[in-house]
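A.B. asks: With these hints in hand, go ahead and build the complete structure from the sequences.
Taken in sequence, the protein lines are chains A and B. Heads up: take any position in the first sequence, counting from 1, add 3, and you land on our numbering. Heads up: take any position in the second sequence, counting from 1, add 767, and you land on our numbering.
Read the hints as simulated data drawn from the structure, not as lab findings. Do not rely on the hints blindly, as some may be mistaken.
[Claimed, not checked] Subject to a maximum C-alpha distance of 30 Å in a straight line, what follows is the list of computed DSSO-like cross-link-like pairs (lysine-lysine): (1) B:Lys878 - A:Lys60; (2) B:Lys837 - B:Lys878; (3) B:Lys881 - A:Lys60.
[Unchecked claim] Computed footprint of chain B on chain A; a stretch qualifies when at least three of its residues, placed anywhere within it, have a C-beta under 8 Å from a C-beta of chain B: (4) 72–86; (5) 105–114.
Just so it is clear, the structure is predicted and the values come from calculations on it, not from any experiment. For every residue, glycine included, the Cβ atom is placed at its ideal position computed from N, Cα and C.
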Amino acid sequence: KAGVTQTPRYLIKTRGQQVTLSCSPISGHRSVSWYQQTPGQGLQFLFEYFSETQRNKGNFPGRFSGRQFSNSRSEMNVSTLELGDSALYLCASSWTANYGYTFGSGTRLTVV
Amino acid sequence: AQTVTQSQPEMSVQEAETVTLSCTYDTSESDYYLFWYKQPPSRQMILVIRQEAYKQQNATENRFSVNFQKAAKSFSLKISDSQLGDAAMYFCAYPTTLNYGGSQGNLIFGKGTKLSVKP
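C.D. replies: In structure tokens form, the structure reads like this:
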């Protein structure tokens, strides 16, 4: 059974640019959520998608957005990148929250 | 507000020994789940163990077990017979289960405990 796949693994972008990260959940998982991990703030929830609709959103500016496709794959987009957006972005999928979330290996974004 | 606190930023254990990582949380809910995740240098978060709050019995997964004290809102992780491969960041997490519109809620994480295993 394939795990959660995130692409790309690494990204280097310049301030002001935009970036799109991709996440393919475990087959059958309809909920996909995104987290930002930084040394200073730890793991922070960005948003969750279920059946192509954003169901839940963390406290991040509107530059952070996402979407989910009919096959449950999800993308997140960050526009007008800032240095502070440098982080590990983790995607997680779940069947039900009760059984936990399965994470991908993350995308390491560096903004220079 | 729902919070998760891990008071030990770093811990160290000798190989084959036992170590306990602490976690406290704050919630007003009566039925919920708690998780411990492991994040090795490979970055992937791996679910170590889960506990259902309505169950009195502490969860166990091979060398990993928890000490769940619901009244004290404490959820510690015990690793027995520690192995070099156990070295990682360990995160305690609590899911906010919204359960509307199909939402599975989101995880609230503690700051993590970095575990080192000495050979």
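A.B. asks: Does each hint fit the structure? Answer for all of them.
C.D. replies: Each hint tested on the structure:
Pair hint Lys878 of chain B plus Lys60 of chain A holds up; C-alpha atoms about 20 Å apart against a cutoff of 30 Å. Annotation: proposed proximity of Lys837 of chain B to Lys878 of chain B holds, straight-line Cα distance about 21 Å (limit 30 Å). At roughly 28 Å between alpha-carbon atoms, Lys881 of chain B and Lys60 of chain A fall within 30 Å of each other, so this suggested pair holds. Taking a C-beta to C-beta cut-off of 8 Å, the stretch 72–86 of chain A contributes 0 residues in contact with chain B, too few for the three needed, and the coverage statement is violated.
Coverage of the stretch 105–114 of chain A by chain B holds [criterion: at least 3 residues with CB-CB distance below 8 Å; count 6].
In this structure, the one hint that does not hold is number 4.
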